[in-house]
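Protein chains: 2
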Amino acid sequence: MSKKAVCLLSGGLDSSVTAYIAKKQGYEIYALTIKYGQRHKKEIDSAKQIASSLNAKKHVIIDLNLRKFGGSSLTDKTLDIEIDHKLEDIGKKIPSTYVPARNTIFLSIALAYAEVVNAETIFIGATATDYSGYPDCRPEYFEAFQKMADLATKKGIQGKKIKIKTPLLKLSKKDIVKKGSKLRVPFEKTWSCYKGGTKACGRCDSCLLRLKGFKEANMKDPIEYQSILD
Amino acid sequence: MSKKAVCLLSGGLDSSVTAYIAKKQGYEIYALTIKYGQRHKKEIDSAKQIASSLNAKKHVIIDLNLRKFGGSSLTDKTLDIEIDHKLEDIGKKIPSTYVPARNTIFLSIALAYAEVVNAETIFIGATATDYSGYPDCRPEYFEAFQKMADLATKKGIQGKKIKIKTPLLKLSKKDIVKKGSKLRVPFEKTWSCYKGGTKACGRCDSCLLRLKGFKEANMKDPIEYQSILD
Numbered sequence: 018m019s020k021k022a023v024c025l026l027s028g029g030l031d032s033s034v035t036a037y038i039a040k041k042q043g044y045e046i047y048a049l050t051i052k053y054g055q056r057h058k059k060e061i062d063s064a065k066q067i068a069s070s071l072n073a074k075k076h077v078i079i080d081l082n083l084r085k086f087g088g089s090s091l092t093d094k095t096l097d098i099e100i101d102h103k104l105e106d107i108g109k110k111i112p113s114t115y116v117p118a119r120n121t122i123f124l125s126i127a128l129a130y131a132e133v134v135n136a137e138t139i140f141i142g143a144t145a146t147d148y149s150g151y152p153d154c155r156p157e158y159f160e161a162f163q164k165m166a167d168l169a170t171k172k173g174i175q176g177k178k179i180k181i182k183t184p185l186l187k188l189s190k191k192d193i194v195k196k197g198s199k200l201r202v203p204f205e206k207t208w209s210c211y212k213g214g215t216k217a218c219g220r221c222d223s224c225l226l227r228l229k230g231f232k233e234a235n236m237k238d239p240i241e242y243q244s245i246l247d
Numbered sequence: 018m019s020k021k022a023v024c025l026l027s028g029g030l031d032s033s034v035t036a037y038i039a040k041k042q043g044y045e046i047y048a049l050t051i052k053y054g055q056r057h058k059k060e061i062d063s064a065k066q067i068a069s070s071l072n073a074k075k076h077v078i079i080d081l082n083l084r085k086f087g088g089s090s091l092t093d094k095t096l097d098i099e100i101d102h103k104l105e106d107i108g109k110k111i112p113s114t115y116v117p118a119r120n121t122i123f124l125s126i127a128l129a130y131a132e133v134v135n136a137e138t139i140f141i142g143a144t145a146t147d148y149s150g151y152p153d154c155r156p157e158y159f160e161a162f163q164k165m166a167d168l169a170t171k172k173g174i175q176g177k178k179i180k181i182k183t184p185l186l187k188l189s190k191k192d193i194v195k196k197g198s199k200l201r202v203p204f205e206k207t208w209s210c211y212k213g214g215t216k217a218c219g220r221c222d223s224c225l226l227r228l229k230g231f232k233e234a235n236m237k238d239p240i241e242y243q244s245i246l247d
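In order, the protein sequences belong to chains A and R. In terms of the working numbering, the first sequence opens at residue 18 and continues consecutively. In terms of the working numbering, the second sequence opens at residue 18 and continues consecutively.
Excised from the complex, chain A in its bound form (with noise of 0.2 Å):
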């Protein structure tokens, strides 16, 4: 029997590389998409082309509205996603895409998700070097999440824990589009701009990390922008 691997899937680069990742290392994928109240759908529908790219054994995805607490513009329409940061400006303060708690409403319910399937890892495509400065992507808060779930879950307590691997951690953006491409992930199928347009704003952090990446690892970005930055 393969083993099984609990992947978090939002459908954007980072997610879809380490996807392909646990798919590389040998484990059959239950992917999971967490619909939040995120502004777009958008996202969710590469998730879905992601999963099935990769061909896992099951794509799960939850809703959960965090538009009733609001606190993030990615779940709030009212307030403004930042544009145009400098490269060198970005990650040094928490900005307001920041969605509270988010990595760990994520990781908790994938943590359900990893019990009931009998999966031994969760995989998540959080990064600490080309990110937005959000608490939830340090590498210390993931080794105090992995010790809070080995003591938090059956299998946990019966010995057998729930492994959370973050592959993409200390990767800058070029590496991870020289992974990805690597292990050939549809690029074109991936969604990372904050907005929701048909096209990306190619101006909000996210979109400015990714073009980064693909421009650092020499690189044409596939998805369609909506101004030629370079």
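Identical copies carry no separate label here, and so any pair may be met within one copy or between two of them.
Below, simulated EDC-like cross-link-like pairs (lysine to aspartate or glutamate); rule was C-alpha separation at most 16 Å, straight line:
| no. | residue 1 | residue 2 |
| --- | --- | --- |
| 1 | Lys171 | Glu157 |
| 2 | Lys20 | Glu137 |
| 3 | Lys58 | Asp80 |
| 4 | Lys52 | Asp80 |
| 5 | Lys180 | Glu45 |
| 6 | Lys52 | Asp93 |
No lab work stands behind these hints: they were computed from the structure.
For chain A, the structure is supplied; the task is to place chain R on it using the hints.
This is chain R only, laid out in the frame that chain A set:
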């Protein structure tokens, strides 16, 4: 400005007493109920009534359909809920009513809510004395969650940690009933039974522990039961 607390409120005995403790301690109450796909809506109605009774500032009900995963008799109607356990056997092994990672998911969502409304405290009515043996009700679990939470949030890294309080953790059901009585918790509005009939079954672990609590406190439980046990 009064201090604020997010209170996880299931509508059961323990969470209701806990919310009244928070109120007594002077907190403004932000009640939070998670509809996670449990068998019945009865406890949601109870939660609404309790939130109203204690004059909560807000009561948010969040939908999260854990039935998509299954794996617990509380969310999967094809699984049986154990009944007629001997009291001394309850808590010795993890029963079918265990919902994988439930407290972790609940606390994570509470953490998001607390961060958004700027609450300094989260209250959860977990108990590790007269309890069902769930791993995520043990003191060491809550300590690990606290450490993780301190690293997870914007508030946490800014030095304003959100404190998780479990005032019932070491209390017996008898003491919980006594405390609730002293605080004038409207017990008749609470619902503890794992099943969802018009009357409580009186035979599931939750009913058995509740009845034990009232009996040992020399009080009559005001809710109706299907069968007379004593």
